Amino acid sequence: MIATPGFLAAVTLGTLVIRVPARQSQGAQAPWSAAFAADDAAIPDDTVLRAELQKAIDLRRREHFDRVLDARDPGELIEHATLTDAALDRHILGIDALFVVGDELFGYLFRPENGWGSGGEDRKAIDYTPRLRRIHQGLSGGPDAFGCFSCHSKGGPDGAGTQTQNAFLRGDGEWTAGADQRNAPHLLGLGPIACLAREMSAELQGQAAGARERAKTAGHRVEQVLTTKGVSFGRITADPDGTLDSRGVEGVDPDLTIRPFGWKGHQATLRDMAEESLHIHQGLLSKRIQLAVRDGTLDPGPYGKGPWWDVDEDGVSLEIDSGMLTTLVGYLAQLEVPVIRPPRDPGLLDAWAAGRSRFDEIGCSGCHVPTLELVDPKLDARQSVEPGQVAFVIDVAKDGDGPRIEPKYGGYVTSYLVHLFSDLKRHDMGAALATPAPQGAIPARVFLTRPLWGLAETAPYLHDGRAPTVHDAIVLHGGEAAKARDAYLALDEHARASVRVFLTSLSREPKLFVP
Amino acid sequence: MTSVRTTLLGVCLLIGGCRPGNDAPSWRADCSPLARPAPLSEDAAREAYRLAERRHALRLREAAAPGFFLREMHATLDAKRIAAGEVCLAELADRGQLLFEHEYNFPDGLGGGKAATAPAGPFRRVHQGLFGGPETISCPSCHWIGGPNGAGAETDNAFLQGDGERTGSGDQRNPPALVALGVVQALAHEMSRDLQKERADLVREAVRAGAGREARLVTKGVDFGVLRATPKGEIDASGIRGVDADLVVKPFGWKGTAADFADFVSEALQVHMGIQSDELLATGSREVIGDGKDPADPDGDGVRGELGRGPFSAMMAHLALLELPIVEPLIQNRQLPAAAHAFLPPTTTSFAEDFARGREQFRTLGCAACHVPMMVLESPVVAIEGMPPIDLSREMRRPALAYEPALHGYPVWLFSDLKRHDMGKANAAQHVQRGVALNEYLTPRLWGVADSAPYLHDGRAPSFDYAIAGHDGEGAAARAAFAALPFDEKGPLRVYLMSLRREPRVVVP
Chain A
19 MIATPGFLAA
29 VTLGTLVIRV
39 PARQSQGAQA
49 PWSAAFAADD
59 AAIPDDTVLR
69 AELQKAIDLR
79 RREHFDRVLD
89 ARDPGELIEH
99 ATLTDAALDR
109 HILGIDALFV
119 VGDELFGYLF
129 RPENGWGSGG
139 EDRKAIDYTP
149 RLRRIHQGLS
159 GGPDAFGCFS
169 CHSKGGPDGA
179 GTQTQNAFLR
189 GDGEWTAGAD
199 QRNAPHLLGL
209 GPIACLAREM
219 SAELQGQAAG
229 ARERAKTAGH
239 RVEQVLTTKG
249 VSFGRITADP
259 DGTLDSRGVE
269 GVDPDLTIRP
279 FGWKGHQATL
289 RDMAEESLHI
299 HQGLLSKRIQ
309 LAVRDGTLDP
319 GPYGKGPWWD
329 VDEDGVSLEI
339 DSGMLTTLVG
349 YLAQLEVPVI
359 RPPRDPGLLD
369 AWAAGRSRFD
379 EIGCSGCHVP
389 TLELVDPKLD
399 ARQSVEPGQV
409 AFVIDVAKDG
419 DGPRIEPKYG
429 GYVTSYLVHL
439 FSDLKRHDMG
449 AALATPAPQG
459 AIPARVFLTR
469 PLWGLAETAP
479 YLHDGRAPTV
489 HDAIVLHGGE
499 AAKARDAYLA
509 LDEHARASVR
519 VFLTSLSREP
529 KLFVP
Chain B
6 MTSVRTTLLG
16 VCLLIGGCRP
26 GNDAPSWRAD
36 CSPLARPAPL
46 SEDAAREAYR
56 LAERRHALRL
66 REAAAPGFFL
76 REMHATLDAK
86 RIAAGEVCLA
96 ELADRGQLLF
106 EHEYNFPDGL
116 GGGKAATAPA
126 GPFRRVHQGL
136 FGGPETISCP
146 SCHWIGGPNG
156 AGAETDNAFL
166 QGDGERTGSG
176 DQRNPPALVA
186 LGVVQALAHE
196 MSRDLQKERA
206 DLVREAVRAG
216 AGREARLVTK
226 GVDFGVLRAT
236 PKGEIDASGI
246 RGVDADLVVK
256 PFGWKGTAAD
266 FADFVSEALQ
276 VHMGIQSDEL
286 LATGSREVIG
296 DGKDPADPDG
306 DGVRGELGRG
316 PFSAMMAHLA
326 LLELPIVEPL
336 IQNRQLPAAA
346 HAFLPPTTTS
356 FAEDFARGRE
366 QFRTLGCAAC
376 HVPMMVLESP
386 VVAIEGMPPI
396 DLSREMRRPA
406 LAYEPALHGY
416 PVWLFSDLKR
426 HDMGKANAAQ
436 HVQRGVALNE
446 YLTPRLWGVA
456 DSAPYLHDGR
466 APSFDYAIAG
476 HDGEGAAARA
486 AFAALPFDEK
496 GPLRVYLMSL
506 RREPRVVVP
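Chains A and B, in that order, give the protein sequences.
For the first sequence, this note's numbering assigns the number 19 to the initial residue and increments by one for each residue that follows.
For the second sequence, this note's numbering assigns the number 6 to the initial residue and increments by one for each residue that follows.
None of these hints come from the bench; they were simulated from the model.
These figures come from a predicted structure and were not determined experimentally.
A virtual CB, placed ideally from N, CA and C, is assigned to each residue, including glycine.
Please note: incorrect hints may appear among the correct ones.
[Unchecked claim] Pairwise CB distance ranges, derived in the manner of DEER restraints: (1) R149(A) x G134(B): 21 to 31 Å; (2) G458(A) x L39(B): 52 to 62 Å; (3) P360(A) x A407(B): 15 to 25 Å; (4) L39(B) x Q72(A): 21 to 31 Å; (5) G134(B) x Q72(A): 30 to 40 Å.
Using the sequences plus the hints, can you model the full thing?
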């Protein structure tokens, strides 16, 4: 009696073994059928599904409507995709409206009549067509794209760029080799990152200011360790006369401003990043740039030789007004944050759990810090600089579609956990990954720790997308990361696999979308 | 009688050899019918979640055991069983879709030579000659705009036949949307069959009469010029237009270089990803596949048999079944709910009138002369090498072919004549591609055009106006006619073009 089930099991097992194809890899994998089984566990319940579906359809309908309207009356679409400064001043529209409008702007293909591109060609000629420049020409850029989404769509809306979508920065307009390649990162969770960076900058600058005060009061040199959110940024020395010696500062500029945007961490705010991208990728100049050129506070070199009202000489004087930038920033700040999706397969789940611990053990988490804690989730999309300007505040913990950063309960202040897997600090990555040239003051070998959240959908990896898989990306780590890389390589294949499985669970929430 | 038999023979030769009657393989009959929910239904949404979950599970498994996916594909998809029809087409196409989405890595054979150990990575943005890049790792990398299997952005342009270094040395190609490839192949095969029958008739007639003869080659209403035959039956093809001298209509590629999409895909896998299919190794020249000593690994990356015929056939099945685009004017008969507080919803509006006027303009301006709106497909059966013929009217994804009794066939609204035209110096390529002259391009199918911006072969047109402005050569007259319209009169044509769209489909990316 007892033997029978065992016998049946053996038969069943035997059948399975026979059915396992000869070329199947060894290891703890489930058979083919399991890997391909339609799993209903991920399907939301009917009410949620219905609501999500309707939302996705309506967003698509709205976009299609605006595009058809624009076909009949050119200009309608870009108008519907922008909130004006007047509308923002009066707060006519809510934050959710800003999202819908910004979504349309993100998908808009800019045209020469919007100020796309540069140069004084006859744009009214019957055979005029826009001229793309795939390899950037110095700091003046391309243009290499018509829309934001042209390089931010992999893995879903606002996603990463594929390998073909790499930008070729600061080149000679022709050769791929001399240009500085950048693979477009995904844009999820930028709001919380912007807020984190602001808090970290404030804390570091506070520490420096404190040291200066203490040096003055005490009348002797004061050395101050710079640390924020558990990340060390070296040390700064203050002299009694108020001067600061920042030679000991690490991983951040001497002004102690955390710049979390760009592969090398060169922009501090979403607004600056968006403004720069619109210029180099689409040849669109913001009103701020024009005014700064007029006032002589900005070198017009990269922008063009024209008069301040049309620096890039394309015949369009108002390209990106500040309302449009605010729309874009308000949209980006509301984007969801990535999530972790552990495997459902029990065997892989064990590997995943082991991989999570190994991620710490071999030193990955030394730079790819899993969680940073955010106190103030409010972000002004207008980045108000002019006195008297009304702020347009996004709460990155509350606004937008979700998933959002999670509150950390307990304590008298609610803070938020941002699982970004980065220390937002710059590190030396070694000679092999070095860019052809320094970027501004940032040396060729130095990069910001890339946040790893949402990693699964963003292959290929590294700043220029040279690594097709997570394994290749790890192997190419050098410099400060060489020890962690060696630790990974020292693992047996089984243990390495667990690290990769964990990394591949860093994903984004599956969502309905009508392309 | 004789001519009928010759025609049948012609068809059989064309579709790669049918065997007589009963021996011809067909698909097994006991497959469970494939659930194909309406593209925006709740069931479609559930299906989209399931697919996303499978994709995630496969990705995790691939992370655990690199090469897992392709090994499993090879182990479970047997080319002989597929050829004999012993598998279910729906299941085959399903595997093909997963393969289409697969991201290739080094164990799969990504790239060539020492790509796997090159410190700067395996990629080459500008192709080096006919060998190509690789410049990416998957098909959806460049086929994503407007829905699954869609078009590519301007940033996705390939730089064909270049020097491997300078963008200016390559011919730029913007990836087109992959829709209804099976239907297109079937149409082109019927056209080739007609043209070849006309040639056979001409030769026979010339020989019979013992005198020179000429005939105007016309199929499905498209004029391919004049073919001449000497009294001895020798052919003078100098008068034919828009098709190669072999009279095979090649509807794939911007320049119309492939008659079968399988031919196109095997080349694309090589030049864009460095993945060498057995299909390619059997036919590709050394310039394309590389000159390694091992015939099973000519690209010398140490991976033999990168993509066997079984998995390749699965991908062909997936591509063959892709849906037809639609022609649908926007008539918004309900007010959409406001997306947000204080946000004005789009009002109910009908563009039906603009649509009707635009349709008329499309004809009167001369667009329809090349962008022939509709062709009639006689038989919905497409022959694809390596598997039994597929009846598209039954098997393809919705929207599918539908029989129209008045037309005695299946109307296909493709907006192309599947013919090559001189598009002028403004569009000239730098390299002759498979013998096609520098200025010549196939009339691109405008179906789905609303969802596939940017436009033109090099993606330089962000909107319809610039796409029209880019028409030179044989397209110059239509361009001038559009340009001459008063500003307000241009709207209807654009609205009409916006009605050429893909059926919206819910996905989980």
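Of the hints given before, which are not true for this structure? 3, 5
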